[in-house]
Amino acid sequence: MFALQLALSGLAQGAIYALVALSMCVVNRATTVVNFGHGDLVMAGAFVVYLFVVLAGLPFVASAILAVALLFILGVLIELGLIERIKAGPHIGFALMCIAFGYVLRGIARAVWGREVLPMPTVFNLPPVFLGELVITADALVIFAAVGVLLIAFFLLFYRSSAGRVMQALCQSERGAALVGINVRAFHGVMWGVGAALGAVGGVLVAPITLLHPGLGASFLIKGFAAMTLGGFGSFGGAVVGGLVLGVAEQLVGGYVSTKLIDITAYLVIILVLALRPNGLFGRAIAEKV
Amino acid sequence: MKYFLSLLACALATAAVAEDGVTANSIKIGIMGPFTGNASSYSKAEIGLDAYYKWVNDQGGVNGRKIETVLEDYACDSAKGVAAVKKLIYQDKVFMLHGNSCSAVAMAIKPVVVEAGIPWVIAHAANPAISSPPTKNIFHGVPVGKTMGVAMGQFVSSKPGLSRVAVISHTDDWAKSYCGPAKEYLASRNIKPIVEEAFERGQTDATAQTLKIKQANPDFVIACLYEAETAIFLKDAKKFGLNVPVMGTAGTDLENTLKRVGDLDTVANYYVPHMYADNLDGPRLKKYADILKKYYPNESLTAFSLISMGSAMAVVEALKRAGKEPTRDKLITELDKTKDFDTGVLAGHITWSPNDRDGVKEVAVAGFVKGKPTVLKSWGKPL
Chain A
1 MFALQLALSG LAQGAIYALV ALSMCVVNRA TTVVNFGHGD LVMAGAFVVY
51 LFVVLAGLPF VASAILAVAL LFILGVLIEL GLIERIKAGP HIGFALMCIA
101 FGYVLRGIAR AVWGREVLPM PTVFNLPPVF LGELVITADA LVIFAAVGVL
151 LIAFFLLFYR SSAGRVMQAL CQSERGAALV GINVRAFHGV MWGVGAALGA
201 VGGVLVAPIT LLHPGLGASF LIKGFAAMTL GGFGSFGGAV VGGLVLGVAE
251 QLVGGYVSTK LIDITAYLVI ILVLALRPNG LFGRAIAEKV
Chain B
1 MKYFLSLLAC ALATAAVAED GVTANSIKIG IMGPFTGNAS SYSKAEIGLD
51 AYYKWVNDQG GVNGRKIETV LEDYACDSAK GVAAVKKLIY QDKVFMLHGN
101 SCSAVAMAIK PVVVEAGIPW VIAHAANPAI SSPPTKNIFH GVPVGKTMGV
151 AMGQFVSSKP GLSRVAVISH TDDWAKSYCG PAKEYLASRN IKPIVEEAFE
201 RGQTDATAQT LKIKQANPDF VIACLYEAET AIFLKDAKKF GLNVPVMGTA
251 GTDLENTLKR VGDLDTVANY YVPHMYADNL DGPRLKKYAD ILKKYYPNES
301 LTAFSLISMG SAMAVVEALK RAGKEPTRDK LITELDKTKD FDTGVLAGHI
351 TWSPNDRDGV KEVAVAGFVK GKPTVLKSWG KPL
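Which chain is which? The protein sequence lines are A and B, in order. So for the first sequence, this note's numbering puts the first residue at 1; every next one is plus one. So for the second sequence, this note's numbering puts the first residue at 1; every next one is plus one.
Because the hints were derived from the structure by calculation, they are not lab data. It is possible that part of the hints are untrue.
[What the hints assert, rightly or not] Result set (PhoX-like, lysine-lysine): computed pairs, CA atoms no more than 20 Å apart in a straight line:
(1) B:214 to A:260
(2) B:136 to B:337
(3) B:238 to B:370
(4) B:320 to A:260
(5) B:159 to B:214
(6) B:320 to B:339
Chain A with its partners taken away, still in its complex shape (with noise of 0.2 Å):
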């Protein structure tokens, strides 16, 4: 019973975990830029979502879907107006425009909210469900519905759909894509904008279980990037996988080995997976030809 608990609140942690790397995936996939910076929306997603339930007094879900819609144009923003224009620049310029744009968010989120640590009213206002001794909380069975909802979604309307297929081929050739007539622009910035949306969903789900602050967003980034690391760089399913493991690690490494280790697991997977199997679970070599 210990361990499935253990197991089942380390696949609720494991399910932001991958939502958080799978919305890196998208952009990464998309635009080849790795986005320091994508902590940050996750902790832009959580604050908005408080401000309209907190302060502007709407539903949780309005306020959720309005958070998202938002982030989702900040993200395309982003992307049109700051990543485009160094697009011929240096590959460490999207890295300096990432980290910049995630402290300037984090900086308006101090200005705002500054010396407070902010408590999320509860949401989901449901007793726990008890299978014996296992113990699954409201907040778990939200997360567990919503991000399987939204993945469902995302891989049917990525793998299944005209519009996926379309971004399947842009994501394989750009060239190839512009010549056909699509616009790649466009593209980049609905990339960028689903992206910074999944990253949102990641932080709306997290702001009713843990405080917030502004430096929300820096753990998740990490446990962002040891996902994908695990799932395979560009994969999708990689990354949803990445996730749903590394979270369920943190919690047995904790359970089984030390409490002292939890915080180390993302560090440890990262440097495990990229010394004997640098391309993940998940991940295909890429063969260049020169």
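Fit chain B to the given chain A structure using the hints.
For chain B alone, coordinates are given in the frame of chain A:
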């Protein structure tokens, strides 16, 4: 000749107030705090301090001089703390330093302050190593972690029939400064922790820690955790049915912990060291809460808000005694003459001497009694 004498008089007068940070009309005090970042709620201590000095100015200042405060942010980051304190000393040329939450930052800036020889009164940080062993220019104006850790241990051991204690803590110096003395005190009563779990800053889930503590079946849990992690642990404790009292640190307070966890049931069994002479909303603290409200009307009152005002009162008294021409050496001498000084804010009196700069040695404990924060002298006994 008359011209020469008047020039000499002017020169002497200028020399008399030539100490950095002192002019004919003002005394400049540097206040450094974590005004931004995820530990920024601690900077309410420095905000309260600034409010008190503003109030002193409105009462006429000190020996005809107004106190000019210079606030510097370091976001609870050691590197930024060192930069902030160097700026205050060498660029702003403040007369003295009064500030600092975040013990790790205080330890990082200590060598800079010791080398500069500038008086520094610790406003909030609790690590005893900041002021012990004593150095010429550093004074602790709040109870150190050891004092609070011992108070935590005393309170825990006052629960009848107690034998099994569990500990959950961060692994940093701050947490050790509370949990270490608490464990030492309990060890002196032949009580050793049955389980010790780590819960690091920034983690968002305490399932593994809570389940392991629950398996150990403790009578009491000591939690040396910052605010966010305390709330997460208390929520998980309720979720997994860990129904035992939890003794927290002065890094948290009852009112805000209640606000963060969302329901009284989750914090009904939570206790914290209480440094004040009264409840936060009690009549003895009203004057000081009003001072904060006057100068910072939008600032909410928490357990950190008034904590530095006690040491500010001691500083003002020492500055008065230092006379019309204060120097840093004179101030240090006068601070060392502070004996059994009742601030009216702190539960303990302030006493400093060249051999002991740990100024405040008494702390109470607060917990919820019938849903209301109440100061307790021991388990089940209100003050």
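(request) Take the C-alpha atoms of residue 136 of chain B and residue 337 of chain B, compute the straight-line distance between them, and say whether it is at most 20 Å. (result) 14 Å, holds
(request) Below or equal to 20 Å on CA atoms is what counts here, so check residue 238 of chain B against residue 370 of chain B. (result) Since the Cα atoms of residue 238 of chain B and residue 370 of chain B sit roughly 19 Å apart, the hinted pair holds (cutoff 20 Å).
(request) With a cut-off of 20 Å on the C-alpha distance, tell me whether residue 320 of chain B and residue 339 of chain B pass. (result) Given pair residue 320 of chain B, residue 339 of chain B holds - Cα atoms ~15 Å apart, limit 20 Å.
(message) Does residue 214 of chain B sit within 20 Å of residue 159 of chain B, going by the straight-line distance between their CA atoms?
(response) 19 Å, holds
(message) Just to be careful, I want the Cα atoms of residue 214 of chain B and residue 260 of chain A compared with a cutoff of 20 Å; is the pair within it?
(response) It holds: about 18 Å lies between the C-alpha atoms, which stays within 20 Å.
(message) Between the alpha carbons of residue 320 of chain B and residue 260 of chain A, is the straight-line distance 20 Å or under?
(response) Measuring from Cα to Cα gives roughly 50 Å; hence the hint is violated.
When each numbered hint is compared with the structure, a violation occurs for hint 4 only.
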